[in-house]
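Novice: Here's the letter readout for the chains.
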Amino acid sequence: MSEENQLSVNLLPTSAVVIRRKLSSFGLIRKVLVAVIILACLMGVAVWSSAVVISRQLKVEEEKFKLLQDKIAQTSKKEQQFFLLSQRLSQIVSVLNSRDPIETKLETATKEFPAEITISSAKINSGSQTIGLSLSTPTFAGLNKMLSVLNNPEFSFVQISNFSRGDDGSYSALLEINLK
Amino acid sequence: MTKEVQPISAKQESVKLQTIYLPILLSALLTLVIFAGIVPGLSKISETRSLLVQRRQTNSALAAKTNLLANIDDVEVSDRLQTALQALPMAPPFQKSLFALTYLADKHSLNLEELEFMVQNVPSQKNLPIQVKLIVAGPLPELYSLFGDLEQAMPLVSLKSIDLSAKLGSPDESDKNKYSAEINIDINFMFPPKDIGRPSSSLPVITSDQEKALKTVQGFGTFTIKPGDSSSGGGTIEKLFPD
Numbered sequence: 001m002s003e004e005n006q007l008s009v010n011l012l013p014t015s016a017v018v019i020r021r022k023l024s025s026f027g028l029i030r031k032v033l034v035a036v037i038i039l040a041c042l043m044g045v046a047v048w049s050s051a052v053v054i055s056r057q058l059k060v061e062e063e064k065f066k067l068l069q070d071k072i073a074q075t076s077k078k079e080q081q082f083f084l085l086s087q088r089l090s091q092i093v094s095v096l097n098s099r100d101p102i103e104t105k106l107e108t109a110t111k112e113f114p115a116e117i118t119i120s121s122a123k124i125n126s127g128s129q130t131i132g133l134s135l136s137t138p139t140f141a142g143l144n145k146m147l148s149v150l151n152n153p154e155f156s157f158v159q160i161s162n163f164s165r166g167d168d169g170s171y172s173a174l175l176e177i178n179l180k
Numbered sequence: 181m182t183k184e185v186q187p188i189s190a191k192q193e194s195v196k197l198q199t200i201y202l203p204i205l206l207s208a209l210l211t212l213v214i215f216a217g218i219v220p221g222l223s224k225i226s227e228t229r230s231l232l233v234q235r236r237q238t239n240s241a242l243a244a245k246t247n248l249l250a251n252i253d254d255v256e257v258s259d260r261l262q263t264a265l266q267a268l269p270m271a272p273p274f275q276k277s278l279f280a281l282t283y284l285a286d287k288h289s290l291n292l293e294e295l296e297f298m299v300q301n302v303p304s305q306k307n308l309p310i311q312v313k314l315i316v317a318g319p320l321p322e323l324y325s326l327f328g329d330l331e332q333a334m335p336l337v338s339l340k341s342i343d344l345s346a347k348l349g350s351p352d353e354s355d356k357n358k359y360s361a362e363i364n365i366d367i368n369f370m371f372p373p374k375d376i377g378r379p380s381s382s383l384p385v386i387t388s389d390q391e392k393a394l395k396t397v398q399g400f401g402t403f404t405i406k407p408g409d410s411s412s413g414g415g416t417i418e419k420l421f422p423d
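In the order they appear, the protein sequences are chains A and B.
The numbering of the first sequence is the numbering used here, which starts it at 1 and goes up by one.
The numbering of the second sequence is the numbering used here, which starts it at 181 and goes up by one.
In short, the hints are calculated from the structure, not lab data.
Each residue gets a CB set at the ideal place from its N, CA and C atoms; glycine is no exception.
Keep in mind that a hint or two might mislead.
What the hints assert, rightly or not - Computed cross-link-like contacts, DSS-like style, restricted to lysine-lysine with a CA-CA straight-line distance of at most 27 angstroms: (1) B/K287 - B/K347; (2) B/K358 - B/K313; (3) B/K224 - A/K105; (4) B/K287 - A/K111; (5) B/K313 - A/K111; (6) A/K111 - B/K347; (7) B/K392 - A/K105; (8) A/K111 - A/K180; (9) B/K313 - A/K123; (10) A/K105 - B/K340; (11) A/K78 - B/K395; (12) B/K358 - A/K123; (13) B/K374 - A/K77; (14) A/K111 - B/K358; (15) B/K347 - A/K123; (16) B/K392 - A/K111; (17) B/K374 - A/K66; (18) B/K224 - A/K78; (19) A/K111 - B/K224; (20) A/K145 - B/K358; (21) A/K123 - B/K395; (22) A/K145 - A/K180; (23) A/K66 - A/K78; (24) B/K374 - A/K105; (25) B/K287 - A/K145; (26) B/K313 - A/K78; (27) B/K395 - B/K340; (28) A/K64 - B/K224.
Said to hold, decoys possible - Chain B regions said to be covered by chain A (calculated; three or more residues, Cβ under 8 angstroms): (29) 258-264; (30) 287-296.
Looking at chain A on its own, in the form it has when it is part of the complex (with noise of 0.2 angstroms):
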């Protein structure tokens, strides 16, 4: 050892007292480190033993799913249809459940009038509930009986639009009925 070295070493700052500090604090800090090693391994081993479990589970469920998929796929055609059925079922109730009975609706509202009454015309739309109606009778007796019909609790509202007497005597109306 050359006597230059010596003599940078004893211009050191530190005193041996510092360094012995550092010296056990350092041990602490070996052992705080092996503490966290061992832990790490441990984690190590277990992280990788979930791993294989899982890895293991998933394979089986795999297998089954082919297996499934290959019992579906022999009974494909009537899965088809029995989507197609269902889709077809759904549509049906939806056209079932739109439509508007408006033929009972007016075979309702016009046999409610007498033979002598003469419906000459009459008009429905589905979704109106209003029936347009154009009546008429030769005689005043049927008129009467016109006027009586319209009270009918059948109907819940009748409104008179147009109301005349013709050439020949006889009496037309055009009326708006609705059907409870």
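Given the structure of chain A, go ahead and fit chain B onto it with the hints provided.
Specialist: Frame of chain A, contents of chain B only:
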């Protein structure tokens, strides 16, 4: 009390520091490497676990589906589908509708004065119904019975409007008590779906409403056109309403 301080040479300090620093450095590196392996490992486990849960759910749905499919009778499904397809054909049923409407007018001894398919409204892709205007003439009771039959025919028909007018001014005596009816109807159909169920998707459920609707349309009238008569301009009506 003063502690006696032992002088430590620079060489000793250097050796001690080296023997401590090196293991510390190495163990720190080792810990870093292990943790660097654990962190992606944990995230991979999490991914695999979510995949496993997903696969288990799919498998359970598929198992339920296979059980359901095994319990469904082939013939029953086929018959029901046939009825459903008669109610809602896969293509616009022009020919069938033409035959059915003509047949119905004849059946009720009504004069078919006009039959117009609204071609400009013929749907190309969407499941919009075919709009048809029909003008028939005859006595009121027959007209009402035609309306009733239209509502109970397949392909499904929806009556949109009825405009009745009496043939009062007609010079023909046979026209007395006769009415002319302009009927606007919608004839329904439905194109086939683009996607007919994936193997992994669950089987649709047929609700009680759908069962009820199927029973309703099973009572509706239908007809078939016999094949082989196309040379004469069309088929013959085999059956329109159930006996």
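Novice: Does each hint hold? Answer for all of them.
Specialist: Hints, one by one, checked against the model:
no., hint, verdict
1, B/K287 - B/K347, "holds, 21 angstroms"
2, B/K358 - B/K313, "holds, 19 angstroms"
3, B/K224 - A/K105, "violated, 69 angstroms"
4, B/K287 - A/K111, "holds, 23 angstroms"
5, B/K313 - A/K111, "holds, 25 angstroms"
6, A/K111 - B/K347, "holds, 18 angstroms"
7, B/K392 - A/K105, "holds, 24 angstroms"
8, A/K111 - A/K180, "holds, 15 angstroms"
9, B/K313 - A/K123, "holds, 15 angstroms"
10, A/K105 - B/K340, "holds, 13 angstroms"
11, A/K78 - B/K395, "holds, 21 angstroms"
12, B/K358 - A/K123, "holds, 16 angstroms"
13, B/K374 - A/K77, "holds, 16 angstroms"
14, A/K111 - B/K358, "holds, 16 angstroms"
15, B/K347 - A/K123, "holds, 15 angstroms"
16, B/K392 - A/K111, "violated, 31 angstroms"
17, B/K374 - A/K66, "holds, 25 angstroms"
18, B/K224 - A/K78, "violated, 39 angstroms"
19, A/K111 - B/K224, "violated, 78 angstroms"
20, A/K145 - B/K358, "holds, 23 angstroms"
21, A/K123 - B/K395, "violated, 32 angstroms"
22, A/K145 - A/K180, "holds, 21 angstroms"
23, A/K66 - A/K78, "holds, 19 angstroms"
24, B/K374 - A/K105, "violated, 39 angstroms"
25, B/K287 - A/K145, "violated, 35 angstroms"
26, B/K313 - A/K78, "violated, 39 angstroms"
27, B/K395 - B/K340, "holds, 24 angstroms"
28, A/K64 - B/K224, "holds, 22 angstroms"
29, 258-264, "holds (count 4)"
30, 287-296, "violated (count 0)"
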